[in-house]
Amino acid sequence: MIKHLLSAGDLNREDAVRILDTAEELLGVASRPIKKLPTLRGRTVVNLFFEDSTRTRISFEAAAKRLSADVINFSAKGSSVSKGESLKDTALTLQAMGADAVVVRHHNSGAPHRLAHAKWTKGAVINAGDGTHEHPTQALLDAFTMRRHLGDLEGKNITIVGDVLHSRVARSNVLLLDTLGANVTIVAPPTLLPVGVEKWPVETSYDLDTSIEKADAIMMLRVQSERMKASFFPSAREYSRRYGLDTARMNRLPDHAIVMHPGPMNRGMEITADVADDARSVIVEQVTNGVAVRMAVLYLLLGGAAQDETFDPIEETE
Amino acid sequence: MTSYVIRQAKVLGVKVADIAVEDGVITAIGKDLTVDGATEVEAKGLVALPGLVDLHTHVREPGREDAETVLSGSKAAARGGFTCVHAMANTDPVADTAGVVEQVWRLGREGGYCDVQPVGAVTIGLGGEQLAELGAMADSAATVRVFSDDGKCVSDAVIMRRALEYVKAFDGVIAQHAQEPRLTEGAQMNEGPLSGELGLTGWPAVAEEAIVARDVLLAEHVGSRLHVCHLSTRGSVEIVRWAKSRGINVTAEVTPHHLLLTDDLVRSYDPIYKVNPPLRSDDDVQAVREGLADGTIDIVATDHAPHPMEDKECEWSAAAFGMLGLETALSVVQQTMVDTGLLTWAQVADKMSVKPAEIGRVHNQGRPLEVGEPANLVLVDPGVTRLIDARNTASLSRNNPYAGLTLPGEVVATFLRGRPTVSDRALVEAVTV
Chain A
945 MIKHLLSAGD LNREDAVRIL DTAEELLGVA SRPIKKLPTL RGRTVVNLFF EDSTRTRISF
1005 EAAAKRLSAD VINFSAKGSS VSKGESLKDT ALTLQAMGAD AVVVRHHNSG APHRLAHAKW
1065 TKGAVINAGD GTHEHPTQAL LDAFTMRRHL GDLEGKNITI VGDVLHSRVA RSNVLLLDTL
1125 GANVTIVAPP TLLPVGVEKW PVETSYDLDT SIEKADAIMM LRVQSERMKA SFFPSAREYS
1185 RRYGLDTARM NRLPDHAIVM HPGPMNRGME ITADVADDAR SVIVEQVTNG VAVRMAVLYL
1245 LLGGAAQDET FDPIEETE
Chain B
4 MTSYVIRQAK VLGVKVADIA VEDGVITAIG KDLTVDGATE VEAKGLVALP GLVDLHTHVR
64 EPGREDAETV LSGSKAAARG GFTCVHAMAN TDPVADTAGV VEQVWRLGRE GGYCDVQPVG
124 AVTIGLGGEQ LAELGAMADS AATVRVFSDD GKCVSDAVIM RRALEYVKAF DGVIAQHAQE
184 PRLTEGAQMN EGPLSGELGL TGWPAVAEEA IVARDVLLAE HVGSRLHVCH LSTRGSVEIV
244 RWAKSRGINV TAEVTPHHLL LTDDLVRSYD PIYKVNPPLR SDDDVQAVRE GLADGTIDIV
304 ATDHAPHPME DKECEWSAAA FGMLGLETAL SVVQQTMVDT GLLTWAQVAD KMSVKPAEIG
364 RVHNQGRPLE VGEPANLVLV DPGVTRLIDA RNTASLSRNN PYAGLTLPGE VVATFLRGRP
424 TVSDRALVEA VTV
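Chains A and B, in that order, are what the protein sequence lines are.
Numbering of the first sequence is given in this note's numbering, commencing with residue 945 and proceeding in unit increments.
Numbering of the second sequence is given in this note's numbering, commencing with residue 4 and proceeding in unit increments.
Please keep in mind that the hints were generated in silico from the structure rather than gathered at the bench.
Model, not experiment: these values are computed from the prediction.
Take the hints with a grain of salt, since some may be wrong.
[As the list claims (entries may be wrong)] Sample of chain A residues with no beta-carbon within 10 angstroms of chain B, all distances over it, derived:
#1 Arg1001
#2 Glu1005
#3 Met1194
[As the list claims (entries may be wrong)] Which chain A residues face chain B? A few, computed with CB under 8 angstroms, are given here:
#4 Ser1030
#5 His1050
#6 Asn1052
#7 Ala1055
#8 Arg1058
#9 Gly1075
#10 Glu1078
[Unchecked claim] Heads up, simulated DSSO-like pairs for lysine-lysine below, C-alpha to C-alpha not over 30 angstroms straight-line:
#11 Lys315(B) to Lys1063(A)
#12 Lys315(B) to Lys1066(A)
#13 Lys1009(A) to Lys980(A)
#14 Lys1173(A) to Lys155(B)
#15 Lys1032(A) to Lys315(B)
#16 Lys947(A) to Lys171(B)
Where a beta carbon is used, it is the ideal one built from N, C-alpha and C, also for glycine.
Chain A on its own, in the form it takes in the complex (with noise of 0.2 angstroms):
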């Protein structure tokens, strides 16, 4: 298993399935009277989160709990960062406060990576989401959703709709779904789409109408209004009109295929109320399902597998 993970590209196949299965036993214990499982005892893993996100903050601390890690949540606001600590600073600190593991949330793309890789601090780092660069946890959740409801994902069509130039959320996706074997479209306006897209392992399309029937599940991107100040398109409504998924072009997905969102929604422009609340749509469970991956990662990194490859989380408290 590696080290830290820092881009869903650092998984080969055989370690993301390893994570999708684990996450699938530890999905159990959140249905148990008893939440918790003594695994990570002893063990501390910061979330240090320079970038306000609750969702993810809480679903990493449930996550680290619910293994018995302590957990320290550091963040920027109220804290010495905005009194203008530096990065390392902050790292050195939190290593010096026996780190096994650091949750990173950071605006500036490539952060985490820098964490790992500066020898700031020794304890395994995980990209809680880094600028426009990756968040490898919400693929790995995301593929974990997709798989309980489509089996493998070899072969399964997945089309990723919207801001994919500042998603992280699409980086992260198109490069563990390419490891675990799907065929990946993703659905943008020009404007919205990098530069070398050309070079990903997907295909692309301008046109949401056209990459609709072949879905086994629909991603729809966060888009936020700034982008229209910003000439990206020219204006919410449009944008709604030729990239969101109403109810129209959701009834003309294949009958087994699931409608995805990471969260924010905002609803009434990449996707509406209805399809948001319908029967088709996963998002909710996409949340719970990220407890259980997260506890999968911080579980294999934090060396309960690299002690012994046999050892079970489940078993060893029954």
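With the hints as your guide, set chain B onto chain A.
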């Protein structure tokens, strides 16, 4: 003043000869020279070049003396074989008045390690809106001839036109930092497949090329002299080549780092590789090498840009743009241009000494190695390699992108008007003017 006889140097890499230096002047070149009381300098196997001239150096004085002073920058220059550097205007305060340029010029003189020729800002405070007093800087003791808002582009077409026109009165040149500002808002690295993958905002080649194209046309229209700073893309090379074929009075420079390094280094997210314009693709590197070899690009200029450690030991987007270059420039040029057969040492002398002095109108630098000329020269040992260590520097900064690489060539001695500033591969401490 001490006299020197430099024994058996390979002059411009061609002909082995002794060089006699007396009272700051080359007094003889030939076989088995004898000069009474002269200090002998053994130079067998060394290449003698005229002292290098850099058209693009950032010393951080006034304002950021923690990163570089005129003195520390001069020392780094001497170690790199330079006898003259042009100090860019983006200091704090900006070098946009006669007072600031005279201060920088005087500090260079007092240091004595190399001539420091200040570059004047084109616009007040590099603001791009109102011309600075270019004439006052030209008439000052610093005799400024090169004007640049480097770090920022003179993006307003009318201001650029007026600046080009105005400096004709005193044979000045506008050195343009070609960067269309709107196309590069928040830009972090070369725009290409890797910027998309890394999620870093792209700095597209077209943002440079659009300005280069506009400016050569403006220079043609008003009949003035344009210099393009740190040209970095294949498209820019092609535009300058076309402009020269039309007889437009344009010159261009390339940095050592754009001759050697490529954008795939950014994959490390280590801001030591963060520079503006950014490291480009391998194809661009090939294009600037070809352009330098065929004369489309006139000179190599370092864009030596010192930054304190804390501005590089951070996440990529928070880091400062720029890298050191004075102490490694000649080695990088040897590796990329000489050892590859693209340039001879005589051509290196042309592109790193003669031409930059000509563009900057510095009349006592970049002179040929001939009897009667000022004794500004450098002795290079092309036969050695050295492991680059960021701590081994005269600069106050350590943002050296070549650290850990092994590069060919080493400066053995540098003479500024007959006085050694570097001797036996080491800086001469306490140079007296």
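Among the hints numbered above, which are violated by the structure, and what are their numbers in rising order? Failing hint: just 16.
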